[in-house]
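Chemist: One-letter residues, chain by chain:
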Amino acid sequence: MTTLPLSSTPAAPAPPGRGAASGTARRSRLKPWAPWAAAGGSLVLAFLVTLVAGTPSFASVVALAAVFYLVGLTAWSRIVEGPRWATDRLATTLVTFAFGLALVPLISLLWTVVSKGSKVFSLTFLNTNMVGVFGDMTEGGVYHAIIGTVLITAAAAAISVPIGILTAIYLVEYGRGPMARGITFLVDVMTGIPSIVAGLFAFSLFTLIFGPAYRAGIMGAVALSLLMTPVVIRSVEEMLRLVPNELREAAYALGVPKWLTIIKVVLRTAIAGIVTGVMLAVARVIGETAPLLLTVGIITKVNWDLFDGLMTTLPVYAYNQYSQGGAGVDRAWAAALTLILIVMVLNLIARLVSKFFSPKAAR
Amino acid sequence: MAVLSPAKTTKLTSEDEPAVKRSKGGIAGRLFQWLSTAAGLTILVTLAAVAGFLILRAWPALTASPAELQEISWFKADSLLSYVGPLIFGTLLASVLALLIAVPLSVGIALFISHYAPRRLAQGLGYIIDLLAAIPSVVYGLWGALWLAPVLNPIFEWLTSSLGFIPLFAGYQPPAKNILTASIVLGVMILPIITAVAREVFLQTPRLHEEAALALGATRWEMVRMAVLPFGRSGLVSASMLGLGRALGETMAVLMILSPGFLYSFFLLEPGQHQSIAANIAAKFPEASGLSVSALIATGLALFVITLVVNMFARWIISRRSEFSGAN
Amino acid sequence: MLGAAKKERLHMSKRIEVNDLNVYYGDFLAVEDVSMTIEARSVTALIGPSGCGKSTFLRTLNRMHEVIPGARVQGKAVMDGQNLYADDVDPVEVRRQVGMVFQRPNPFPTMSIAENVLAGVKLNNKRISKSDANDLVESSLQAANLWNEVKDRLARPGSSLSGGQQQRLCIARAIAVRPDVLLMDEPCSALDPISTLAIEDLMSELKNDYTIVVVTHNMQQAARVSDRTAFFNIAGTGKPGRLIEMDDTSTMFSSPSQQATEDYISGRFG
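These protein sequence lines are chains A, B and C, in that order.
The first sequence: position 331 = 331 (full-length UniProt numbering), numbered continuously.
The second sequence: position 242 = 242 (full-length UniProt numbering), numbered continuously.
The third sequence: position 43 = 43 (full-length UniProt numbering), numbered continuously.
With the rest of the complex left out, here is chain A (with noise of 0.2 Å):
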């Protein structure tokens, strides 16, 4: 279909109707089905070119669509209705290809993960450790380093959450002039630092203080709150300038002391933004490797205690277990499941928390 204006002569351009020389000249244009019988004709023409030259599989199939609806679409659009109007479709049909393109990899992690995740997800690979599992037993699961996580990043979030809260006020509330600027400055410098490097500064930290032995939960949630802070901070800042200067005036004007003013004016009115940005932040450390296996390694049974010992999160046992290979890997992907469903829930939960308790006038 889309080869037919192709094979016609490409000296038929404009409507001979009306010369080139009328300045109000009606422009000749594709019909709006155009494109789609493009995409129509392109995926035929893909299926039996790949038909002829071998079996056809989905991905090619697409694949020699897309490059013949390009080629198609914008040959015939500079045939019927000139060059420009042709660039204008081709950059079209390449700003929407690369949507769809960034699809991909989305639609066919979550696929693969959900789909060799399920193999060994179960409430008992939830809810066993590692003791006792080793060469092909299918056995085993991941209870010791979803405690570790939890752990690690709750202690992550509470070092950061006070901090960010309280420098964001800083930098709305009280800041002014090249400290407050520098602080800035060195928050978005912050938010820059490799994860790698942020273990290895809590490692160098804790092994400096408490001997070069020293390994605990802690270290790693001292790694992950560098990488936190400066995500809190930002994202508080923002929902603190959201909050209409107009109130605090309110609340001055009332004889209201500043300190009670951001505490039950400003942080009231932001409360779900600002609960929105740290689980946001949540999500993004919970699934952070590199600095925890620096510094809190991995074992194969539950450690309650930040303070000592080495303890198991999710990821580096997604790492672990992958590494180990054969069944290994079957348990890696299932901790890849068990570790998005933690993400997708704290994103879903954030933004229901932004939706419904935002409260409405401040919009």
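In short, the hints are calculated from the structure, not lab data.
There's no promise every hint is true.
[As the list claims (entries may be wrong)] Computed, partial: chain A to chain C, Cβ under 8 Å:
(1) Arg176
(2) Glu246
(3) Leu247
(4) Glu249
(5) Ala250
(6) Ala251
(7) Tyr252
(8) Ala253
(9) Leu254
(10) Gly255
(11) Pro257
(12) Leu260
(13) Lys264
(14) Val265
(15) Arg268
(16) Thr269
[Unchecked claim] Cut-off 16 Å, straight-line C-alpha distance, at most; resulting in silico cross-link-like pairs (EDC-like, lysine to aspartate or glutamate):
(17) C:Lys151 with C:Asp135
(18) A:Lys264 with C:Glu115
(19) C:Lys130 with C:Glu115
(20) A:Lys258 with C:Glu66
(21) A:Lys258 with C:Asp90
[To be verified] Derived CB-CB ranges, DEER-like:
(22) B:Met312 with C:Asp88: 43 to 51 Å
(23) A:Met179 with C:Pro193: 43 to 51 Å
(24) B:Met312 with C:Phe28: 32 to 40 Å
(25) B:Phe313 with C:Lys239: 40 to 48 Å
(26) B:Pro104 with A:Leu242: 28 to 36 Å
(27) C:Pro69 with B:Pro230: 29 to 37 Å
(28) B:Ala77 with A:Met179: 37 to 45 Å
(29) A:Met179 with C:Lys151: 45 to 53 Å
Note that CB positions come from ideal geometry on N, CA and C, so glycine has one too.
Since the structure of chain A is already known, use the hints to place chains B and C on it.
Modeler: Leaving out everything else, chains B and C in the frame of chain A:
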């Protein structure tokens, strides 16, 4: 009618006190201000501590003689500098490739969301792209090593057999555990960061500029090229730098996908050629002790400095831009 | 009952004397050398062209200008013998005695109507019994002529009201703290004519109990509601605003002593 009932409310007023003396609340207020300022200063102290502790722990390796360093089992270089050199090269190569993949795609996606997709859908589409940022890096590693590598295998085979005369594509050996696979995964990982910034910048294009272009009879693409892209150029540069910063420090995807090597090599499809600083640290750290820890921390220090420079450059561009355009 | 209430309130309304007051933003002199007396239990209107410093001056009467970074004041503002700018005076205490209503109604979006009225009490961590709170809500809303409209929906958010109602809610919120003076910064400029009328009526009632200072762009409004009027003017951009003259409203509008005042009032500029 409109008169305050006096009976009970009088308690609330401070009639007995002198009119407007300083209240006790001042202490709490100052404490609160002091507390939040202290939190702000923590950021400063923390960054200084990161640099300080890394230097402190890297110091033994920085000052050790090559002979001492070569006692480390994996240290096969003349000096620390010649050890970290190929690592820096590998890190930069992987990140730049990732950037080459991600930037054009991100621009396309951002344009699609900001100027092509229906307004009502835009926010939801943005959220879908943001989902990519929510996926943990270890999952990307799994996906890259176990799903993407087999998928890329036939493509790479075709590349090396038909374009193998170009050194870039020569010498492919399955499985696809080479730097190009790692870079593709890195590219996907930084896609949402660049897209998010680019989208914001594109949406800030003054409507007047866009309408002026359309009023001149421009097509949508011409409008984008005349009004949107020039306006967003510096924003795009800084977005790319942020993405680069992220790619430089990414550990797991490289660690799980790349089969490592320590060469200055442009054979993108050959395994055992490259390694990144972060992945190298993660691979060797668990077994390291003594001087080898210091040596690894020294490479980490190099990574820290590189990302710091890249990020500061990005921020500098952003701040310059906001000063000039009046938009933030 | 009514009489008793009046007596109870009498001492609360206070007069303010301002002497040689200068207001600066950083190094920029915004308002120069203002001296005036604001009488108790009356409405004083501040009029003048945009940017003449009347709003800035109004804010200095409860030290709200200090919220703006770099703003400072020289001179004296004395309220019943107490200089508001003396060293040992807490600006927060000043604001409890000199309430303020803003240009745009700004009820707290997270609070209900009743909570908004109680905001001054609650935000200051003061304890108040339930029945006292209910009384305070009712009396303040009645004083703001809003009680009958909202008494059935006190638990609804303050933002659910119309603009004019929101502004009266803000007035109720301001008088629930029981200030001596009420400052109003163009309180009707964001409202429709009917809501404006309601606020103007309210001002005439409130002046029995409060000292009211109102900034307005609307000269008919100044003429309708105020007892005394002060005219501010500015010589040009970058120059400070000054008080040109102040007199009884009837005098100001019939036979002002300054030509500039007459030009402004008769609409020749501004």
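Chemist: Leu254 (chain A) was flagged as interface toward chain C. Is the shortest Cβ-Cβ separation under 8 Å?
Modeler: At about 4 Å, which falls below the 8 Å cut-off, the nearest Cβ of chain C leaves the hint on Leu254 (chain A) intact, so it holds.
Chemist: Can Gly255 (chain A) be said to touch chain C, with a Cβ gap under 8 Å?
Modeler: Gly255 (chain A) check passes; min Cβ-Cβ to chain C is 3 Å, inside 8 Å.
Chemist: Against the range 37 to 45 Å, how does the distance between the Cβ atoms of Ala77 (chain B) and Met179 (chain A) compare: consistent or not?
Modeler: Since Ala77 (chain B) and Met179 (chain A) have Cβ atoms about 44 Å apart, the given range 37 to 45 Å holds.
Chemist: Please test the hint of 32 to 40 Å on the beta carbon pair from Met312 (chain B) and Phe28 (chain C).
Modeler: holds, 35 Å
Chemist: Closer than 8 Å between Cβ atoms is the bar; does Tyr252 (chain A) clear it against chain C? Give me holds or violated.
Modeler: holds, 6 Å
Chemist: Within 16 Å, alpha carbon to alpha carbon, are Lys258 (chain A) and Glu66 (chain C)?
Modeler: This hinted pair holds, its Cα atoms lying about 11 Å apart.
Chemist: Within 40 to 48 Å or not, the Cβ separation of Phe313 (chain B) and Lys239 (chain C)?
Modeler: Given a distance of about 45 Å, which is inside 40 to 48 Å, the answer is holds.
Chemist: Within 45 to 53 Å: is that where the Cβ-Cβ distance between Met179 (chain A) and Lys151 (chain C) falls?
Modeler: holds, 51 Å
Chemist: At a threshold of 8 Å, is the proposed contact between Thr269 (chain A) and chain C supported by beta-carbon distances?
Modeler: Since chain C brings a Cβ to about 6 Å from Thr269 (chain A), closer than 8 Å, the hint holds.
Chemist: Does the interface hint hold: is Ala251 (chain A) within less than 8 Å of chain C, judged Cβ to Cβ?
Modeler: holds, 6 Å
Chemist: Do the beta carbons of Pro104 (chain B) and Leu242 (chain A) sit within 28 to 36 Å of each other?
Modeler: holds, 34 Å
Chemist: Are the Cα atoms of Lys264 (chain A) and Glu115 (chain C) separated by 16 Å or less?
Modeler: The hint holds at about 12 Å.
Consistency note: the structure conflicts with none of the earlier hints.
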